[in-house]
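Starting from the structure of chain V, add chains E, Y and F where the hints point.
Number of protein chains: 4
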Amino acid sequence: MSSSQISVAVLGATGSVGQRFISLLDQHPWFKVVALAASDRSIGQPYAQACRWVLNDPMPEYARDMVVVPATPDSIHAKIVFSALPADLAKDLEPQFAQAGFAVCSNASSYRRADDVPLLLPEVNADHIQLVKRQRQQRGWSGCITTNPNCTSTGLTVALKALDDSFGVRKVFAVSMQALSGAGYPGVPSLDIHDNVIPNIGGEEDKVEWEPRKMLGKLDGNKVELADIGFSAHTNRVAVTDGHTVCVSVELSRPADPEAAARAMRDYHAPASARELPSTPRPVIEVRGEADRPQPRLDRLTGKGMTTVVGRIRRDPLLTLKFVVLSHNTIRGAAGGSIYNAELLVKENLL
Amino acid sequence: MSSSQISVAVLGATGSVGQRFISLLDQHPWFKVVALAASDRSIGQPYAQACRWVLNDPMPEYARDMVVVPATPDSIHAKIVFSALPADLAKDLEPQFAQAGFAVCSNASSYRRADDVPLLLPEVNADHIQLVKRQRQQRGWSGCITTNPNCTSTGLTVALKALDDSFGVRKVFAVSMQALSGAGYPGVPSLDIHDNVIPNIGGEEDKVEWEPRKMLGKLDGNKVELADIGFSAHTNRVAVTDGHTVCVSVELSRPADPEAAARAMRDYHAPASARELPSTPRPVIEVRGEADRPQPRLDRLTGKGMTTVVGRIRRDPLLTLKFVVLSHNTIRGAAGGSIYNAELLVKENLL
Amino acid sequence: MSSSQISVAVLGATGSVGQRFISLLDQHPWFKVVALAASDRSIGQPYAQACRWVLNDPMPEYARDMVVVPATPDSIHAKIVFSALPADLAKDLEPQFAQAGFAVCSNASSYRRADDVPLLLPEVNADHIQLVKRQRQQRGWSGCITTNPNCTSTGLTVALKALDDSFGVRKVFAVSMQALSGAGYPGVPSLDIHDNVIPNIGGEEDKVEWEPRKMLGKLDGNKVELADIGFSAHTNRVAVTDGHTVCVSVELSRPADPEAAARAMRDYHAPASARELPSTPRPVIEVRGEADRPQPRLDRLTGKGMTTVVGRIRRDPLLTLKFVVLSHNTIRGAAGGSIYNAELLVKENLL
Amino acid sequence: MSSSQISVAVLGATGSVGQRFISLLDQHPWFKVVALAASDRSIGQPYAQACRWVLNDPMPEYARDMVVVPATPDSIHAKIVFSALPADLAKDLEPQFAQAGFAVCSNASSYRRADDVPLLLPEVNADHIQLVKRQRQQRGWSGCITTNPNCTSTGLTVALKALDDSFGVRKVFAVSMQALSGAGYPGVPSLDIHDNVIPNIGGEEDKVEWEPRKMLGKLDGNKVELADIGFSAHTNRVAVTDGHTVCVSVELSRPADPEAAARAMRDYHAPASARELPSTPRPVIEVRGEADRPQPRLDRLTGKGMTTVVGRIRRDPLLTLKFVVLSHNTIRGAAGGSIYNAELLVKENLL
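Chains as they are written, first to last, in our numbering: chain V, 357 to 707; chain E, 357 to 707; chain Y, 357 to 707; chain F, 357 to 707.
Please keep in mind that the hints were generated in silico from the structure rather than gathered at the bench. It should be emphasised that the depicted structure is a prediction, and the values quoted were computed from it without experimental measurement. Here a beta-carbon is modelled for each residue, glycine too, at the ideal position from N, C-alpha and C. Hints may contain errors.
[Stated by the list, open to error] Sample of chain E residues with no beta-carbon within 12 Å of chain F, all distances over it, derived:
1) Gln-455
2) Gly-457
3) Arg-469
4) Ala-470
5) Asp-471
6) Trp-497
7) Lys-563
8) Trp-566
[What the hints assert, rightly or not] Derived, one-sided and incomplete: chain E residues facing chain Y with beta-carbon distance under 8 Å:
9) Trp-409
10) Pro-414
11) His-550
Just chain V, with the same shape it has in the complex (with noise of 0.2 Å):
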């Protein structure tokens, strides 16, 4: 197979997360974008003229003049659709083109929780991945649905995977400080959070306290029993374009000094099938000694935005130690991990 020929698609590509698909999209080695679809006021229309595009990085030229098409099955030929759709859209539209045997890699967190669909960080837990086959048997589809987590969940999840790994996770506290992008376009008012906080993300808490434990769960046949950790979060809105910051405080189940956690993060690898993949973070977690880092203008891009970043890793006066997750949240925390999901189907033949 030359992988360079499978062609995919991106629904809901004029929003905030379908402009950040066809950004990273852009000469990728393996994927051919072949449709960009979107609501109905934008069909027909050049991408250049149907989209308000947010992104620092210019759009890329590939885009500008392909028409924009209906989000159906019928409208698209591709392999792969990648979906940036509400998750309202998601949940009806999904299923119709993983039937229609397209391989849904989906940034939405309507099947997220879903038994049969792996919510997948790859290089957390790519074995996950088995469960599409289970998807399959049990729904009749030739395609599938896989989901990666909610942006917030992403980073935090990835640090504490490497702490499960090296000496048990029991509790979590976290508390998210979320870029701007995060709430789509027009997403939020400038006078809402110009010189201000928002201490609220609706429906974000409940997220980030439900989808790191499917992630850090064991695989067993074919259902993923979920991981036995507490978590509470306070998720907050900040003046901040991209970069969520999460500061977080855990109970390990065996003693861990901040030097031994900062090793087992700086150590800590993706597991073999998610190592070699062209979006795969180099490397996974980076582990910063500064005070004052990691900060999300001068951090968010580290390994191309696909990286975790860690730092400040200190004891914690009442569980076990505290430091502060920074992840790209449209990249490593939205399109880039739908991507790098599609590459871990491609590389397991699973597509």
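Chains E, Y and F in isolation, oriented as in the chain V frame:
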């Protein structure tokens, strides 16, 4: 005594907290500013010329033409000095003033931990002011030193006090998102904080983990017994002018649902001696019911910046409750706090 | 007449300018708010529930429980209505109110260019208010419509008036940097303006190039002759909450050095009829001597937000002088301006 | 000559422009960085330790372990030195390097106005580089000094050049909104610029009114005759990381409608000698047709930050045309400009 005649001075008058003192003392019903003291390079200049004013509210007229004097007891004729000095200078200068008979109401951290110096939030521990008697006796001072806590400890402690009285507080996780004005002027470079979060504020976490224990402790004869509460703090800087936001998770000794906690906070009143002073917050705590409040830009001026604003009280999956606290860092958390302390000294005839 | 008895209503009460009306009318010495009107989805709800409050100052108590009514003459019993309606709605509704006997003091642009409608800055062209007599005669209204100019035209025109009186103004280059609140709520998406400048505000340049000519024009019998001044404007949006900054270069008819211009502005007084009203700016113009003022955060509240602040008056290499003007866009430039107009109507017995 | 062997050094390597040099020189096809020089307190430290990195892109690997050396000719073995020194240091040090045989490509303002020093934008006035011959002869130097203009002059001059060639430029009004990185690090305190505009940048207006006249002037034998164009500039600081936006009004000698001006800019090419260099902007000018572009966040990286972006070309009521120019201030307007100048030196065999 005609209290409107009490003469006061401000030490460190040109800094951002010094400016807040000057602003809040404009038309104070009891106090009259008779001297503004600052560092060498300002001495002899009219205040309007010596100072780079950074507050939103214009500089009060009364201060413009006052000539800046040295921060020494000899240069100042006043009953009370408000200290907005940096900690290292405060350490040397404040005792000199106390010895010379001045009541020093200090925002500096230098003496907060001294056994015989009250660390005061009048609406929380007004009785601790009695420590100044021991202080005078022990140190042979005719004046005294009182202190107010760190700006992040402030709102946190007020909210915890209401819970502690009703349910007992055992453990506290606190993650702050602190305003720029807390770092003084010039303070944080814009390139460091624009489009960014700085996940560390030097020395701050240690203060937040210790100071509330003294204020929530019991005054037993001549000393304060630290409250037996465990604290874990993360402190962050965000791009907000004024107002510190703190995400808090607490473990309580007795069961409390969110409604009961809200009631306890709403019903909380300052101790009698601190209840009718010019700077008494009205209310002490405002509990908001919206899903996304408090917010610094919208809520920091509640009760003229002296009220502690609490919101999002909800169950915590690991401990008992989670909530968000907001407090104006240069009003309640700094200059306004010192002034409130001074009013309590007057009320208790301790001047 | 006991002026404290004048009943007023606010149309468009839930928007950002409507909120400013409500804030500024709190404890107004002459006016009492008796009705708040807004669009269909708010009608019947208490104001505190219908409105997403966006001002720094808390919502006034008096407004919280007022039930929102429809914006129709039948629903409102008041002498004056303040209109914060969008231009398209204002176009239809304001004449209905004027016909029904209300004095409409409008912030909308719909009737600013009508020959018989005064476009008013009382400190500039108080005499233009006489146009309402012709308006009533011509249109058969018992009420009337007065308007205040666009928020960027406002400060610019006040500054130009002082120069025009002393030296004659021939040509004006004006480049604005406008605040977020000028776009209303939700207004500008945060992703559009965070870490950014938007170099266009739809329709604004045309207003800035025309409106000052009407206000600086002479009232000749029943009509205003447009001032013979050439204008060129660029308008930009920047990440500032409140306060529009305008860089201005002017060509004057008679020689003027910066000192003479500063003197002309400092000495400028409102016309006699507009001089002692509750909203009269004190001073009309504040001229600052520092090299880097005015600045929106520091100067927007000068004179309670009604004063026009000017600085950096210096020679222009191509024309005569350059300077910078700052004006609070939702106080002097919107709600405060309409209220000042209403006060002038009262003073002139034109209600 | 194997151009990949040209050794270069960076003076002032730890500042914000120095950092940009280091970032842009990473994997440069011709130049190899062999030394990083900075002030006394950094000397002897590895660069990664000496420098507080402020760019969005991570510090290049090659620089991390380089030991910082003194900024003296004796300490450095290289053909070219890039100077990011402050003007006062540059004044003394740059001639020492030129005398010692180095080609100094400077971003400092110290020698921009010297008769025998080229002030260069290769896409505008590549021929001015010939001045270095006179410079060497006159000063007896084996090395030389070339300079690039002020960051705000840069984009403005590129746009004007295209218009001047086609229509002749007579008068220019320019009002800038400049990014934080232009002030270096620590630069602007956050309390000064957050939620604010600073309407002055010391010394900047004078540069913007003079420098374009030299670059647009004709090289006549051994000297440049200043272009006979009148300039008036206002310069402002806004809360933007990178990218200077300039509102421009121009009077042209020959009639030009917006379409013709757009065509002239789109068709503008660099002089032949400057056309195929590694840093040549592609395109030199990008003209955008949207109503609200260019914007700094979205357009500053056009052409890898070397392209000048122009938009909103429209008629000016007083002069001929108005438009908006955007240029990346630390790439095209600083480090990238100096590197482009160095490439031109190589190409012209003037090293």
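Evaluated hints:
{"no.": "1", "hint": "Gln-455", "verdict": "holds (35 Å)"}
{"no.": "2", "hint": "Gly-457", "verdict": "holds (36 Å)"}
{"no.": "3", "hint": "Arg-469", "verdict": "holds (29 Å)"}
{"no.": "4", "hint": "Ala-470", "verdict": "holds (31 Å)"}
{"no.": "5", "hint": "Asp-471", "verdict": "holds (36 Å)"}
{"no.": "6", "hint": "Trp-497", "verdict": "holds (36 Å)"}
{"no.": "7", "hint": "Lys-563", "verdict": "holds (22 Å)"}
{"no.": "8", "hint": "Trp-566", "verdict": "holds (28 Å)"}
{"no.": "9", "hint": "Trp-409", "verdict": "holds (7 Å)"}
{"no.": "10", "hint": "Pro-414", "verdict": "holds (6 Å)"}
{"no.": "11", "hint": "His-550", "verdict": "holds (7 Å)"}
Hint check: no violations occur; every hint is consistent with the structure.
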